[in-house]
Structure formats: structure tokens, C-alpha cells
Amino acid sequence: MNPDSPFAPTRRLVLMGAGAGLVAPGIFATPLPASAQQPQGAVIDITRARTDPIPIAIPDLAGAGEGARVGRDIARVIQANLRNSGLFRPVDRQAFIQTAEAAAQTPRFQDWRVIGAQALVTGRVLEQGGGLRVEFRLWDVLPETQLQGTAFTAPAAQWRRIAHMISDVIYERLLGEKGYFDTQVVYVSETGPRDRRTRRLAIMDQDGENNRFLTDGRFAALTPRFHPTQRRIAFMSYQDRGQPRVVLFDLDSGSQQVLGNFPGMTLSPRFSPDGRSVVLSATRGGDANIYIVDLGSRRERQLTSGGGLDVSPCFSPDGSQIVFNSDRGGDQQLYVMDAGGGNVRRISFGRGRYATPVWSPRGDLIAFTRFGGGGGFAIGVMRPDGSGERILSEGWQMEGPTFAPNGRVLMFYRETRSDSRGGGYSSRIVSIDIAGFNERPIPTPTDATDPAWSPLLS
Amino acid sequence: MKTRLLGVAALALLAACSNTDQNASATGGGGAGTIRPGSQEDLVANVGDRVFFDFDSSVIRADQRPVLQRQAEWMGRYSDVRVQVEGHTDERGTREYNLALGQRRANSARDVLVASGVNGARISTISYGKDRPAALGSDEAAWAQNRRAVTVVQ
Chain V
1 MNPDSPFAPT
11 RRLVLMGAGA
21 GLVAPGIFAT
31 PLPASAQQPQ
41 GAVIDITRAR
51 TDPIPIAIPD
61 LAGAGEGARV
71 GRDIARVIQA
81 NLRNSGLFRP
91 VDRQAFIQTA
101 EAAAQTPRFQ
111 DWRVIGAQAL
121 VTGRVLEQGG
131 GLRVEFRLWD
141 VLPETQLQGT
151 AFTAPAAQWR
161 RIAHMISDVI
171 YERLLGEKGY
181 FDTQVVYVSE
191 TGPRDRRTRR
201 LAIMDQDGEN
211 NRFLTDGRFA
221 ALTPRFHPTQ
231 RRIAFMSYQD
241 RGQPRVVLFD
251 LDSGSQQVLG
261 NFPGMTLSPR
271 FSPDGRSVVL
281 SATRGGDANI
291 YIVDLGSRRE
301 RQLTSGGGLD
311 VSPCFSPDGS
321 QIVFNSDRGG
331 DQQLYVMDAG
341 GGNVRRISFG
351 RGRYATPVWS
361 PRGDLIAFTR
371 FGGGGGFAIG
381 VMRPDGSGER
391 ILSEGWQMEG
401 PTFAPNGRVL
411 MFYRETRSDS
421 RGGGYSSRIV
431 SIDIAGFNER
441 PIPTPTDATD
451 PAWSPLLS
Chain C
1 MKTRLLGVAA
11 LALLAACSNT
21 DQNASATGGG
31 GAGTIRPGSQ
41 EDLVANVGDR
51 VFFDFDSSVI
61 RADQRPVLQR
71 QAEWMGRYSD
81 VRVQVEGHTD
91 ERGTREYNLA
101 LGQRRANSAR
111 DVLVASGVNG
121 ARISTISYGK
131 DRPAALGSDE
141 AAWAQNRRAV
151 TVVQ
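Chains V and C, in that order, are what the protein sequence lines are. Using UniProt numbering, you'd call the opening residue of the first sequence number 1 and step up by one each time. Using UniProt numbering, you'd call the opening residue of the second sequence number 1 and step up by one each time.
Read the hints as simulated data drawn from the structure, not as lab findings. Quick caveat: nothing in here was measured; it's all calculated off a predicted structure. Don't be surprised by glycine CBs; every beta carbon is placed ideally from N, CA and C. One thing to keep in mind: the hints can contain errors.
[What the hints assert, rightly or not] Take a look, some chain V residues computed to stay more than 12 Å from chain C by CB distance:
| id | residue |
| --- | --- |
| 1 | ARG160 |
| 2 | ARG276 |
| 3 | SER320 |
| 4 | ARG345 |
| 5 | GLU399 |
[Unchecked claim] Output of the computed footprint for chain V on chain C, the stretches with three or more beta carbons under 8 Å from beta carbons of chain V:
| id | stretch |
| --- | --- |
| 6 | 116-130 |
| 7 | 133-144 |
[What the hints assert, rightly or not] Just some of the chain V residues that point at chain C, by a computed CB distance under 10 Å:
| id | residue |
| --- | --- |
| 8 | PHE109 |
| 9 | ARG241 |
| 10 | SER393 |
| 11 | GLY400 |
| 12 | GLY424 |
| 13 | ARG428 |
Sequences and hints are given; from them, build the entire structure.
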């Protein structure tokens, strides 16, 4: 594994811990001395279905000239991230008493207490040798203590990334678990009439910013998925006129490589949690079975057999089990098997058909698409044994859930009904929390399908 | 799209009760330009290029089987023609499953062609799942047209 990969999970410890260090390419983080030490731990319990959002004041980071502009932009990104999580309530800026500049010097806690803020974010942006130094502090307003102080140095172009890192630190310090803001989403951008669509891979930040196309649309690209630690994705490509294939795509070099040596179509790839293999579905004749391909040896091993359509496999986060979709019992249902292919058991028993299972990174839930059975389409979650099914969102048509790396939020895509000429159709990526609250669209420049959430980047 | 399908149905009826070669030449002289025998246009106009399926099914329906049998006869007549059978689904399902279902439909159609005497080496299959609808609406009439296997001359 590339030790400079921005996906390397150990970097995060540096950001949270005592030492200074590189947290992403070009971005260094250094602790800022605290005026008082504060015991760590969760302030509120977000495992409950709904909690009151934490009131937090986020004044602009102070600065002069360009630093002031960047400070304002960083504060706005942090505020949007925290508000969109549904777990924070940014306090109205109109109510602020102390100025951002003065608060960056020394917070006057009384001024923040009276406007109802429980937490306060202060900071400063300094221009430094063509780059930026962004100092940020998180304060607990009632006990008047500093919870976190970090200085980031980075090229100016990385300001948005720093805003996401700060958002993750705030989330983690106040809620007691990791955030999901310094992440990206890879998806399929769709343009053109519905019967002749151009489908390109695209990548964006989790808030829809920094959108970038990865393929040019000459060949249809579907169902991209992130590698757990490297800057690679697997997706299904129609580049081979004979058969659509699962292809590995290197995000930095752009190089592509067909995976495996299968006679038929390969589809629905997912990396294993250790990143060493890809589980996918391969067709032979009219059947589809699940295979695992070792990325080192490129050896293939068949995990399911029989006359059904077995698709959409996804590993449990510990790598011990695989959930998948099969019509072996007559119509589409969800099944779980051991990672070696044994011990297959059905887990979905509700009304209708079940599809596109994805295992939460926390291991506690499987998200799915449900449809038919008299209703429309729905996105739901159930426990891995099939119990505790809950529907999060319903509509004309929707599918393709993908979990944020902390397992607290999902994205999926929602399609609208079209008239006989295809008018009125749209497909949009939306996010929703696992309690079913706070559904909101992610802005994309085109119609969008097949979202896949990256791991934390730092 | 609707007019095209009606045209296919009408010509298919003609083809069913008369010599298709004559039909081909008759159509060719009929006005809209000459249709080259053994071409996709010939297949569409005089034989029928597609069969339709029930929801979530890849079983070749009894009313669709004659279309494939005519395709097999036609391929027997034009022995250098190679085809790709495209499998498609309606939009009422998930993308990955529909890719597999489309493949199974293409394979079902291929099996009938082979059983009707066509050398399997002349037939390839591909699935587009739900992603290339023939009819654009979101209603049963459109879905019925989209659950299809289409034979395409290569």
C-alpha cells in the first residue's frame, strides 16, 4: 500500500493526538496549546433515533485581506456540514455579540452563553509563504474550556479540505464518534435523452463541491465503488463491445484494467474490507453467480452456484460474511453467506422484492432497496439477521444506498416518473440519516445515479 | 416508436402468411428506399427484430416464439449474417439485478434461435438492463415494450 495515500487511516490519529504531522498530501496539522484540559467523551448519544441538535456558534475565522475571505469561506463550509448532519444547530450570526476577531483572541463566554451557544468555534487564517496557516479552536461554552486546538498549514487551494477536516474534528469531539465530512462520492453522471444516455463516472466532495468527471462518456460506466484504502475504484464498463466488464480505475493515473478473465458479463463489484480482493457477479449463459477475485494473484473463486441470478454482493466490515441479492427463491430477496460461500441463509421476509444490500461500516445494519408488493420503491435498513426492518424513505423509484464511513448517514438516488416522451424524468442523489430524518438533495451538475461514498480521506 | 412497432407487427403478419423474400422486394420497391436483403432493416421490416417478456420473467412466451423461429429461418437464408441479441428490462427494478435479468432474456432468445437450427457461434448476447428503454414512459404500456430481447445484425 502506498504510504502517502490520503486514505491511510492512521493519519487521523495525528490530527486528534498530541503530535504534529502530515494529515493529507500538503496538509500539516499541529496542536494548539489549550488553556485548560478537558476530559474527552461523547456529549450526547446519537444512537438514539432523534436528539436535539447541539447549538453551536461558528463566527468567521479572523484574518486580514485574503485571509479574511478564506476565513469566511471556511466558516461557511463548516456551518453547512454541521447543519446538514442534522445533529448541530448553528446559532444565527445576527445574534452574535462578540466580534470574530475578538473571539479569536479570547472568547468572552458570557457573550456566547446568552445567545444559546453550547459550543463555539474560533480561529484565524494567516497567509504564509504562498500557503495558508489555519488556526482553529473548539470551545465548550458552559465550563469555558477548550476542547480542541489545531493549526493546519497547507497550500491555499486546500482551504475547503481543511474546512472538512475541522468539521470532522468538531463532530468527533462533541459526539464521540468519527465524522464523515472529509470524504468524496463517486457516482454516474447521466446526460441526454433517456433512451440514448451518456453515462460518465464523476467524483465530488460529499457536499457536492469540486465535481470532476473521470470518464469521457464514449463508453457507458455504471456502479463505481471505492477501494477501502487506496485511490482506486472498481466499476462496470461497456468499453469492450463484446461484454460489459468490471474494470479497476486508478484515480491518480487514470489507468484502467479489466478485472478477471470471465467468459460472460461481470457486474456489481465491491472491494473486500482489507482491499485485497473484489467480490462480483459473473454471468454464464442465463445465470449469474458470485465470485471473488484476488487482486494479487488474480485468481477467481466461485462462491455461489445454481440456476438463479445472484448479484450485488457486499462484505460485512469484518470480512467474515457477504450479503447478496438472489432470485433463487422465486423473486429477489437478500441472503447472507459466509465469506467462503457456505452457510447461505435468507434474511429478508417483508412485502415485495429486496435488492442492492450494503453492509454498514459499523456492522450493525444492512441497507437495501425494497419495491413491489403493492407499494412503490423504498430505502430501508435491517439488522444483519433480518430483524428490525425500518423504511427510511419511499417514492416513485429509488435505489442504490451507500453508507457514510461512520455508518450514520446514507446516500441513494431518487428518480421521478416520466411522461410518454421521457419528460419530467430526473435522477438525483440524496442523503438521509439512518433514523430516516434530514433527507436532502446533493447538488450535481447533471442527473446522477449510483453514488458510492469514500472512506474518510484523512 | 409506437408507429414503428405497429409497422413491425403488420409486416410480421404479412411475413407469417407469405414468402418473406417477396415481401422484402415488395417493401424495397414500395418507396422508402431499397432494403438490402439480410440487413437489420430487412429483419425489422420483414421478420421482426424483437420479442417481449412478462415482468421479471425470461421465459419466451408462446406468442413470441414464432418471431424467433422466423428469425432463425431468416438467418438460415443469410448464412453469413452474425447477430447480437440485446437483453433489456423495464425500469421497475434495480440496475444490477436488471443487468443480470437482461442477460438471461438475451440468453433465452438465443437458446430458441439455436434450437431452431442457427449455429450458436453466429450469436452473441449482451445486456443493457434497464438503461436503454425503447419506450420512454413510466407506465405499463411503455414497460411492456421495454421488456424485450432485440436481435441486431452485426
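Hint-by-hint comparison with the structure:
1. The beta carbon of ARG160/V sits about 31 Å from the closest Cβ of chain C, which is more than 12 Å, so the claim that it is off the interface holds.
2. Here ARG276/V stays apart from chain C, with its beta-carbon at least about 23 Å from theirs, past the 12 Å limit.
3. For SER320/V, the non-interface assignment is confirmed: its Cβ lies about 23 Å from the closest Cβ of chain C, beyond the 12 Å cut-off.
4. In this structure ARG345/V is separated from chain C by more than 12 Å, as the shortest Cβ-Cβ distance comes to about 20 Å.
5. For GLU399/V, the requirement that its beta carbon stay farther than 12 Å from each beta carbon of chain C is not met, with the minimum near 5 Å.
6. Given a C-beta distance limit of less than 8 Å, the hint that chain V covers the stretch 116-130 of chain C holds, as 3 residues qualify and 3 suffice.
7. Here the stretch 133-144 of chain C counts 8 residues with a CB under 8 Å from a CB of chain V, which clears the bar of 3, and the coverage holds.
8. Against a cut-off of 10 Å between C-beta atoms, the interface hint on PHE109/V is violated, since the closest Cβ of chain C lies about 52 Å away.
9. Among the interface hints, the one on ARG241/V holds; its C-beta lies about 8 Å from the nearest C-beta in chain C, closer than the 10 Å criterion.
10. A hinted interface residue such as SER393/V counts as satisfied when its beta carbon comes closer than 10 Å to some beta carbon of chain C; here the least separation is about 15 Å, so the hint is violated.
11. A least Cβ separation of about 7 Å between GLY400/V and chain C falls short of the 10 Å threshold, and the interface hint therefore holds.
12. Interface restraint check: GLY424/V against chain C, minimum CB-CB distance 8 Å, threshold 10 Å, status holds.
13. At a threshold of 10 Å, the smallest CB-CB gap from ARG428/V to chain C is about 15 Å, leaving the interface hint violated.
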